[in-house]
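These protein sequences, in sequence, are chains A and B.
Residues 1 to 209 in the numbering used here are what the first sequence lists, from first letter to last.
Residues 1 to 377 in the numbering used here are what the second sequence lists, from first letter to last.
Any given hint could turn out to be false.
[To be verified] Each pair of labels, with its calculated beta carbon distance range:
#, chain 1, residue 1, chain 2, residue 2, range
1, B, Ala238, A, Met1, 28 to 38 Å
2, B, Val345, A, Ser130, 37 to 47 Å
3, B, Leu356, A, Gln21, 47 to 57 Å
4, B, Leu356, A, Pro15, 51 to 61 Å
5, B, Glu78, A, Leu120, 30 to 40 Å
6, B, Gln235, A, Pro168, 43 to 53 Å
7, B, Gly353, A, Gln21, 50 to 60 Å
8, B, Pro75, A, Arg92, 41 to 51 Å
9, A, Val177, B, Ala324, 43 to 53 Å
10, B, Leu356, A, Thr28, 41 to 51 Å
11, B, Glu76, A, Thr28, 31 to 41 Å
12, A, Ser163, B, Pro75, 17 to 27 Å
[To be verified] Which bits of chain B does chain A cover? Going by a derived footprint, with three or more residues having C-beta under 8 Å, they are:
#, region
13, 36 to 45
14, 132 to 145
15, 255 to 263
16, 267 to 278
[Claimed, not checked] Far from chain A, by Cβ distances over 10 Å, these chain B residues were calculated:
#, residue
17, Ala8
18, Glu9
19, Arg50
20, Asp58
21, Val62
22, His165
23, Pro218
24, Phe219
25, Thr231
26, Pro234
27, Ala238
28, Pro316
29, Pro352
30, His359
31, Leu372
Hints in this document: simulated from the structure, not taken from any laboratory.
Glycine included, each C-beta is placed from N, C-alpha and C at the ideal position.
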Amino acid sequence: MLVQEMMRSPVVTLPPDASLQEACALFTGRGFRHLPVMEGGRLVGVLTDRDLRWATSALCPEPRKLEDPVRSAMSQPPITIDPLDPVEDAARIMREHKIGCLPVMDGPELVGILTGMDILDTLIKLTGVSLPSSRLEVALDDRPGELARLTAFLAERHVNIHSILTYPDADRLVRTVLRVGSSQIRPLAEDLRQAGFRILWPRPKPWSR
Amino acid sequence: MVALIHRAEYAQYDFGPEHPFTPARLAMLLDLLGELGADLDPVQAPAATREEILTVHDPAYVEVVEALSRGESRPEAEAFGLGTPDNPIFPGMDLAARWLVGGALHGARLLMSGAEQRVLQLGGGLHHAQRARAAGFCLYNDLAVAIQALVAHGWRVAYLDIDLHHGDGVQSLFYDSDRVLTISLHESGHYLFPGTGHIQELGGGYARGLSLNLPFEPFTGTEDYLEAFDTVVPQALAMFSPHVLVVQAGADAHFADPMGDLALTTQAFEALHRRILDLAHRHAQGRLLATLGGGYDAQVVSRVWTILALTLLDRPLPEALPPAWIERWRPLLGETPPTRLHDPVPAFPPLPGSELRSHHNRDMVSRLLDALARYWL
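Given only the sequences and the hints, what does the whole structure look like? Please build it.
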């Protein structure tokens, strides 16, 4: 998924000579936590609610006054991202720099903003349940054709796959979590076991009747 | 005072010989009740009309169901959840589903007119059907059409769902309605179909706090289940004070059911059915509308639903199953058919990990109650 599919726009911005009080009104009034700072059509910094709280705190060595300009408290230089970058890049940049937002820049132009919350929304979309479906979890060998063998098996039985998530597991196995559009998951898992697949969920019942 | 609703046409709701939701389940049940001397003589309700279906379903969806039902082919069928392994298309399915909806709706009318206090439809319970989508063997939502009629009558309706699966269709159709409280107990959607029914699904807008979900860990047994039920359900009904209690009484949370992983016994179901009756008396002026639901093990479903029917009819439960019934249904009951109404005690050896499971289930209940405290106070 690309940044341009996850970002928000249009973006509310601040001029660098706006007062911290004006910035605070935007944070509390509109529920913002990050505001890009623009000067002459150019991005010069980002003011976060944390910047503001620190700059005006009694614990700050040089506390700013409410009428001081945003320029005096903003984070800079801003760290940005391209609208065509993928979600994994956005997540990695935010994690590396321990920051909560990325202004999205198309060349010199600010076209959107991406925050940690947008990344969480994307995680929910990628892992979540959007249609009635069952969980099927399979450990596949890490070699070509294994996933194809699994999906062909499901296709033969006309079982629709709503989503697939894979991640590396120990012993050169690929843990594969599928959401499939069928409630009859136990019989399906039994058939898969018969066909030699390692099914992690659903498990066989621990009792017999 | 008590009405059973059923008619032969319910058997038309049939997805074919390979499908688990088979009408044989109803035939076995009716035969067992008859053999046990229950005075059946069920009320035969008319089929629901198209207009009645449209009180909860989308016109475009109903139109596609009707077309497929006539044998026409529609490329958009699968987008409506039709023609899938769960909901295969069969001729006449529109009317077949309308018979079941008609039964639940008629039951609601018997309660609204005051003619009856308790109604049990022997069939139906199609709780997965959504506004514009078939799912999980459910075409039209009989429960939702009945609830809608009760709401239109001016009543507050409490819906209780003890099926193995989350009652997602009913929940979503009334998610924003402050006239309907929905409570669903089920195996957690992290593991089981349909994947929803988490404690965070609390209802929308003014109805926040009126959608309750108790998702249990796989292999949860009777004790944990009843403890959670007793902690949440009575106080929710006391708070909401409904005019009527509508219940989807699926039997698939039984330990032998092939669809899922909960581990209730027939004794647990008897305890549940008695609690439901008691709760209807305490909190819903005695008014109860119950349907059947999921339940796919031939050795189990007739026994669980016989317990349900006899409990609602205030009749004693027999210990043994009639030999004639066992003989007639031996092809479905298998080589070692059950001979008693209840499961043996213990029904299965103790399961490992029960302490961890109980711990998790209790935490789930406290989280739910913590979240609800904001909306109920």
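Which numbered hints does this structure break?
-> 1, 11, 13, 16, 22, 23, 24 and 29
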